[in-house]
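Visitor: Starting from the given sequences, assemble the full structure and let the hints guide the process.
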Amino acid sequence: MIGAWLWWGATAAWAACTVITGAEVHTPMGVQKGRTVVLSGDEVAAVGLQLSGLTLDVRGGEETPAAAWQGVPCEVVQGAGKVLTPGIVAVDSQIGLVEVGMEEAANEADPHTADAVRAALVATDAYDPRRSTVGVNRTHGVTHAIVSPGGGGIVQGQVGAVRLSGARQAEVVLAEAVAMSAGMPSRSWAEALRQLRELMADVRAYAADPAGYRAGRLRPLFPEASALDLAALVPVARGEVPVVVTADRAAEIEALLRVADELGLSLVIRGAAEGHLVADALAEAEVPVIVDPLVYGPGSFDQVHGRPDNAALLHQAGVSVLLSAGSSHNARVLRQSAGNAVRGGLPHAAALHAITAEPARVFGQKDRGELAVGRIANVVVWSGDPLELTTQVEHVIIEGRSVGLQTRQTELLERYRTLPGSPLPALPLPE
Amino acid sequence: MDTSRRIPVPDAEVGLRPAVSLSALLALAPASAVGGVLEAEETRGAQIVEAVPEWPAVDRVFTGATVWTSAGDRLTGGYVVVQGGRITAVGEGAAPSIEGAEVVSLEGKHLTPGLIDTHSHLGVYAAPHATAHGDGNEMTAPTTPGVWAEHSVWPQDPDFEHAVAGGITALQILPGSANLIGGRGAVMRPLPTLGSRAMRFPGAPPTVKMACGENPKRVYGNKHRAPSTRMGNLRGQRQAFLGAEQYLRKWKAYEEKRGRWEAQQDDPPRKEKDRMKKPDPPARDLDKETLALVLEGVVLPQIHCYRADDMLAMLQVAKEFGFSVRSFHHATEAYKIADVLAAEGVAASVWPEWWGFKMEANDAIPANAAMVAAAGGRAVIHSDSAITIQRLNQEAAKAWASGQQAGLELTEEEAMRWVTLNPAWALGIDDETGSIEVGKRADLVVWDGPPLSVYSTAEQVFIDGALVYEPSAESPPWSDFAVGGEVAP
Numbered sequence: 001m002i003g004a005w006l007w008w009g010a011t012a013a014w015a016a017c018t019v020i021t022g023a024e025v026h027t028p029m030g031v032q033k034g035r036t037v038v039l040s041g042d043e044v045a046a047v048g049l050q051l052s053g054l055t056l057d058v059r060g061g062e063e064t065p066a067a068a069w070q071g072v073p074c075e076v077v078q079g080a081g082k083v084l085t086p087g088i089v090a091v092d093s094q095i096g097l098v099e100v101g102m103e104e105a106a107n108e109a110d111p112h113t114a115d116a117v118r119a120a121l122v123a124t125d126a127y128d129p130r131r132s133t134v135g136v137n138r139t140h141g142v143t144h145a146i147v148s149p150g151g152g153g154i155v156q157g158q159v160g161a162v163r164l165s166g167a168r169q170a171e172v173v174l175a176e177a178v179a180m181s182a183g184m185p186s187r188s189w190a191e192a193l194r195q196l197r198e199l200m201a202d203v204r205a206y207a208a209d210p211a212g213y214r215a216g217r218l219r220p221l222f223p224e225a226s227a228l229d230l231a232a233l234v235p236v237a238r239g240e241v242p243v244v245v246t247a248d249r250a251a252e253i254e255a256l257l258r259v260a261d262e263l264g265l266s267l268v269i270r271g272a273a274e275g276h277l278v279a280d281a282l283a284e285a286e287v288p289v290i291v292d293p294l295v296y297g298p299g300s301f302d303q304v305h306g307r308p309d310n311a312a313l314l315h316q317a318g319v320s321v322l323l324s325a326g327s328s329h330n331a332r333v334l335r336q337s338a339g340n341a342v343r344g345g346l347p348h349a350a351a352l353h354a355i356t357a358e359p360a361r362v363f364g365q366k367d368r369g370e371l372a373v374g375r376i377a378n379v380v381v382w383s384g385d386p387l388e389l390t391t392q393v394e395h396v397i398i399e400g401r402s403v404g405l406q407t408r409q410t411e412l413l414e415r416y417r418t419l420p421g422s423p424l425p426a427l428p429l430p431e
Numbered sequence: 001m002d003t004s005r006r007i008p009v010p011d012a013e014v015g016l017r018p019a020v021s022l023s024a025l026l027a028l029a030p031a032s033a034v035g036g037v038l039e040a041e042e043t044r045g046a047q048i049v050e051a052v053p054e055w056p057a058v059d060r061v062f063t064g065a066t067v068w069t070s071a072g073d074r075l076t077g078g079y080v081v082v083q084g085g086r087i088t089a090v091g092e093g094a095a096p097s098i099e100g101a102e103v104v105s106l107e108g109k110h111l112t113p114g115l116i117d118t119h120s121h122l123g124v125y126a127a128p129h130a131t132a133h134g135d136g137n138e139m140t141a142p143t144t145p146g147v148w149a150e151h152s153v154w155p156q157d158p159d160f161e162h163a164v165a166g167g168i169t170a171l172q173i174l175p176g177s178a179n180l181i182g183g184r185g186a187v188m189r190p191l192p193t194l195g196s197r198a199m200r201f202p203g204a205p206p207t208v209k210m211a212c213g214e215n216p217k218r219v220y221g222n223k224h225r226a227p228s229t230r231m232g233n234l235r236g237q238r239q240a241f242l243g244a245e246q247y248l249r250k251w252k253a254y255e256e257k258r259g260r261w262e263a264q265q266d267d268p269p270r271k272e273k274d275r276m277k278k279p280d281p282p283a284r285d286l287d288k289e290t291l292a293l294v295l296e297g298v299v300l301p302q303i304h305c306y307r308a309d310d311m312l313a314m315l316q317v318a319k320e321f322g323f324s325v326r327s328f329h330h331a332t333e334a335y336k337i338a339d340v341l342a343a344e345g346v347a348a349s350v351w352p353e354w355w356g357f358k359m360e361a362n363d364a365i366p367a368n369a370a371m372v373a374a375a376g377g378r379a380v381i382h383s384d385s386a387i388t389i390q391r392l393n394q395e396a397a398k399a400w401a402s403g404q405q406a407g408l409e410l411t412e413e414e415a416m417r418w419v420t421l422n423p424a425w426a427l428g429i430d431d432e433t434g435s436i437e438v439g440k441r442a443d444l445v446v447w448d449g450p451p452l453s454v455y456s457t458a459e460q461v462f463i464d465g466a467l468v469y470e471p472s473a474e475s476p477p478w479s480d481f482a483v484g485g486e487v488a489p
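Chains as they are written, first to last, in my numbering: chain A, 1 to 431; chain B, 1 to 489.
Be careful, since some hints might not be right.
Unchecked claim - In the EDC-like style, the derived pairs of lysine to aspartate or glutamate whose C-alpha atoms are separated by at most 20 Å in a straight line are:
#1 B:Lys358 with A:Glu108
#2 B:Lys358 with A:Glu103
#3 B:Lys358 with A:Glu99
#4 B:Lys358 with A:Asp128
#5 B:Lys277 with B:Glu262
#6 B:Lys223 with A:Glu103
#7 B:Lys358 with A:Asp110
#8 B:Lys358 with A:Glu104
As the list claims (entries may be wrong) - Not close to chain B: a few residues of chain A, all C-beta gaps over 10 Å, as computed:
#9 Met29
#10 Gly30
#11 Thr55
#12 Glu75
#13 Gln78
#14 Gly81
#15 Ala114
#16 Gly166
#17 Gly183
#18 Pro185
#19 Ala211
#20 Gly212
#21 Gly216
#22 Leu228
#23 Glu286
In short, the hints are calculated from the structure, not lab data.
Beta carbons: idealized from backbone N, C-alpha and C, even for Gly.
Guide: Below, the structure is given as structure tokens:
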């Protein structure tokens, strides 16, 4: 394990420039082999076979060569036999909000309030870069998260975008309001949609006359919504900010598409277990779906017509597909989700796209999620096919900086590597 | 291929092989005659009543496969011969010619033992999730050793077929963990039967589910009754076994008396006053009976336990009453006491990476199984999920990869044992299944690629040599629940 320690040590330092040589690179234009990638500052500066501007001194033979990009010295990662992808973007995530799921004191995702409309709640206000969920997922190739608030009610609050490196909210929260999260708590879908219509009608009434609202001249608006909530929903009602709604059953999805169209909402559907049955309507409406390919079977009455090739069928129909892992602690299984989507017929490139570029695009992070010149440098170096379970993460680079692979879990492992033995320091005990 | 897609049925009672006799059951090693007597009493309540058709016995010779035997090395270009539902030959190279056997060429394919899950709630928390399907926890008292998961299993749970599609050929269905002693586990084969009894793995020893830690104390603490603490948990466990000891003493006294009475029948004493009255057996108590059979070594304890200190406390209880723990389940901190578990011969049934959902899962690490294996212990990858049971091979792959990342040099064959031979041992059925060895049941899976790859799919699943699953649109669903749902154009 000395090797592993050196490895962390070697990659923990920040270089203004990193060169990764001769790797298989997954770019928006396809898979390119034997390419060298230059990351300069926080950007991808170059991807290519022969790069002008790069000097690579390989005279050291076996030794790591020295390199310079446009005169600036670079750290070099030997990429031969390795695979480079953009960092994984976890959607519908509570990374950084939850430490211990069942303990209220260590779970910031659920606000534990009776308020049914919490549109003014900003999930990233609770984002803590020191939560174990951040480091553990980061070392498995997840570099960004689209963070959603949890709990019950009709509107849970604002969905934000974060990067999984850095120590201060000011630097790691990339956007506070990339979407609004909505639940449909009613057992009756018709009632849930009535509440959504009523809420949106009230938001419009508020938007047309906020002064009248404050002066009490409007009829009583949605009883659970405060002025702050109504104001936060105005861009949603205008279709400027997407609203993420959970729906699995095909009939629910159809009704939701109709109501969203009527209300002018920009919709993202999460769940969509039966999405394949209405894939044409989803494609026509250009509504992205967040699906979990690992969940198959009639777990609920809303998933009875689910299929293991749901993601593939949706993709074939032209629907924008995002993959989720349904868990904050284990967002690291996203690549297993993607691998299983491929097993179900989704093309490999589409599966990788569905956990990188597509979630970045849908949630307003277009500079991220792709390994291409000019994009922000988020790169994972894998020992092989990133979707294969036995492949290891070797380096993670977030916004240009190489991050270490040490976590609370690797530290626990080291404390018990040699048994029997206590990880605690030996105490001098009286004879 | 089989001409019909008929499904094999348990062979203990009908069909290809002789029924498992009581003596065979007793051979599972009750420590005393009393254990055997109690078990014999129980068989009265476990008789099968449904009519079970015999299935077509097709003898096969599988050739050219990569054979993961779970018993040793991986065979390349291997063959496996199946006759009468059992494996009769295994080897590399030219396969023997068997008259009347169908030759199945598996060039480029992989053949493994059927996967075995030690921890499932299929059928007792059946899909779809519904209040009416909550049959897994008898949450009316903290110790209910007399209930049997088998009596809650709904054979129509549509997820049984999904599990088979993932290569599962045996599974232990357990009561939940609300209770300190939740009841008997059911070691079963996923088969489309009408009653749950017919799903029993023939001859499998009985098991009991126990639980320590957060769940029992939360469930009963919330009801303002014991246990509400970990110390309350331990008192509950010990009190229950004290009762079982007393029950066993009564039966032993009765057996001793009955023995003397029987001897008198052959050789009656001359004097009337010396002749014994035929002794009455003690009243049976289903709760105490299960625990008495634990003490007799017949029932295998399966204990839900996360933390290292909780597991050590349960091992202390086991020593107090003289029983062996067969497997800890979840065992998120098994890696902290891997040496103890190896020395005590206790299997650790674990997840590859679930963690952090509650305090006692806070220290879980993904190399847990690999650490247990590296210490010489028996690692098992379990699902505890209707979803992950569909891809237990992938769960093993992740756990193995985490070991590799930690620098633990374990073979891929070892990882496959975590979902085949090791779980078979934990359930006491390793003489019958869990590896590809001569004499064992032909519980086999044909994969279209390496079994630890995310892209590999089970193409054919065999139980007792009968083809029970292959992806095929024409095949009607097993479950009545899955019928219907079509719409008119």
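Visitor: All hints, please: hold or fail.
Guide: Against the structure, the hints come out as follows:
{"no.": "1", "hint": "B:Lys358 with A:Glu108", "in the structure": "holds, 14 Å"}
{"no.": "2", "hint": "B:Lys358 with A:Glu103", "in the structure": "holds, 7 Å"}
{"no.": "3", "hint": "B:Lys358 with A:Glu99", "in the structure": "holds, 9 Å"}
{"no.": "4", "hint": "B:Lys358 with A:Asp128", "in the structure": "holds, 19 Å"}
{"no.": "5", "hint": "B:Lys277 with B:Glu262", "in the structure": "holds, 10 Å"}
{"no.": "6", "hint": "B:Lys223 with A:Glu103", "in the structure": "holds, 19 Å"}
{"no.": "7", "hint": "B:Lys358 with A:Asp110", "in the structure": "holds, 15 Å"}
{"no.": "8", "hint": "B:Lys358 with A:Glu104", "in the structure": "holds, 10 Å"}
{"no.": "9", "hint": "Met29", "in the structure": "holds, 24 Å"}
{"no.": "10", "hint": "Gly30", "in the structure": "holds, 20 Å"}
{"no.": "11", "hint": "Thr55", "in the structure": "holds, 34 Å"}
{"no.": "12", "hint": "Glu75", "in the structure": "holds, 22 Å"}
{"no.": "13", "hint": "Gln78", "in the structure": "holds, 19 Å"}
{"no.": "14", "hint": "Gly81", "in the structure": "holds, 16 Å"}
{"no.": "15", "hint": "Ala114", "in the structure": "holds, 21 Å"}
{"no.": "16", "hint": "Gly166", "in the structure": "holds, 21 Å"}
{"no.": "17", "hint": "Gly183", "in the structure": "holds, 17 Å"}
{"no.": "18", "hint": "Pro185", "in the structure": "holds, 16 Å"}
{"no.": "19", "hint": "Ala211", "in the structure": "holds, 48 Å"}
{"no.": "20", "hint": "Gly212", "in the structure": "holds, 46 Å"}
{"no.": "21", "hint": "Gly216", "in the structure": "holds, 44 Å"}
{"no.": "22", "hint": "Leu228", "in the structure": "holds, 32 Å"}
{"no.": "23", "hint": "Glu286", "in the structure": "holds, 25 Å"}
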